[in-house]
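Undergrad: Work the whole structure out from these sequences, hints included.
Each chain is listed here by its residues.
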Amino acid sequence: NAGVTQTPKFQVLKTGQSMTLQCAQDMNHEYMSWYRQDPGMGLRLIHYSVGAGITDQGEVPNGYNVSRSTTEDFPLRLLSAAPSQTSVYFCASRASGTLTGELFFGEGSRLTVL
Amino acid sequence: DQQVKQNSPSLSVQEGRISILNCDYTNSMFDYFLWYKKYPAEGPTFLISISSIKDKNEDGRFTVFLNKSAKHLSLHIVPSQPGDSAVYFCAAPGDSGGGADGLTFGKGTHLIIQP
Numbered sequence: 001n002a003g004v005t006q007t008p009k010f011q012v013l014k015t016g017q018s019m020t021l022q023c024a025q026d027m028n029h030e031y032m033s034w035y036r037q038d039p040g041m042g043l044r045l046i047h048y049s050v051g052a053g054i055t056d057q058g059e060v061p062n063g064y065n066v067s068r069s070t071t072e073d074f075p076l077r078l079l080s081a082a083p084s085q086t087s088v089y090f091c092a093s094r095a096s097g098t099l100t101g102e103l104f105f106g107e108g109s110r111l112t113v114l
Numbered sequence: 115d116q117q118v119k120q121n122s123p124s125l126s127v128q129e130g131r132i133s134i135l136n137c138d139y140t141n142s143m144f145d146y147f148l149w150y151k152k153y154p155a156e157g158p159t160f161l162i163s164i165s166s167i168k169d170k171n172e173d174g175r176f177t178v179f180l181n182k183s184a185k186h187l188s189l190h191i192v193p194s195q196p197g198d199s200a201v202y203f204c205a206a207p208g209d210s211g212g213g214a215d216g217l218t219f220g221k222g223t224h225l226i227i228q229p
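These protein sequence lines are chains A and B, in that order.
Reminder that position 47 of the first sequence reads as 47 in the working numbering, one-by-one numbering, no gaps.
Reminder that position 36 of the second sequence reads as 150 in the working numbering, one-by-one numbering, no gaps.
Honestly, the hints are just simulated from the structure, not real lab data.
Where hints are given, some of them may not hold.
Some chain B residues near chain A, calculated using beta-carbon distances under 8 Å [claimed, not checked]: (1) LEU148; (2) GLU156; (3) PHE160; (4) PHE203; (5) LEU217; (6) GLY220; (7) LYS221.
Have a look at the derived ranges for each label pair, beta carbon to beta carbon [stated by the list, open to error]: (8) A:SER80 - B:VAL192: 44 to 52 Å; (9) A:PHE10 - B:ALA184: 37 to 45 Å; (10) A:ARG110 - B:HIS224: 14 to 22 Å; (11) B:LYS185 - A:VAL12: 40 to 48 Å; (12) B:GLU156 - A:GLY63: 21 to 29 Å; (13) A:LYS9 - B:ARG175: 26 to 34 Å; (14) B:ILE167 - A:GLU30: 21 to 29 Å; (15) A:LEU114 - B:GLY130: 39 to 47 Å; (16) B:LYS185 - A:SER80: 39 to 47 Å; (17) A:SER80 - B:GLN228: 39 to 47 Å; (18) A:VAL12 - B:ARG175: 36 to 44 Å.
Because the structure is a prediction, the values reported are computed rather than measured.
The C-beta atom is built at its ideal place from N, Cα and C for all residues, glycine as well.
TA: See below:
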């Protein structure tokens, strides 16, 4: 089983460039989310979606856009990258219906903004 | 304001001994807690959870204890094995910032098992 797949695994950007981090899951999960992990900060929620066509902001949404056109895909867009967005990004999904359902994470995408 | 706190950034334990990882929370509305384990260059994976209606949950070598009055939970690993060396995150579902629906994570504890 593929589970949650993220691409690319590594990316280097210059300040001001744009890019999209891709996330796909094959578990038919309604809920998908993006987290970023920074040293000493744990994992912080950026955006999430409870189903196709529905997205909402998390704790640290500024500088990021998301869309959810299908159940499987949840891309994260950086419109104008800044050095503060250097981080490791994780996409995660879970089955719908309960907050207690465990999250399944992708392997992460390491982004460096110069 | 950090709602889930892991105050020990790292912990070193000898192989075969007990590892105890601690987590404190401030939000009394949290009623479910999860522990995730993360190896370098991999995503976090679910380890064990506990509901607030229980004070203990055990799964093999892993046991989580919950003390609601103290708003404290702990993860016990016994006996500790080299493969347990990883970063452990405590998490709770609920308000992840501005009413967001997600998990609120602690900052993590890096467990190092010494041979």
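Undergrad: Which numbered hints does this structure break?
TA: none
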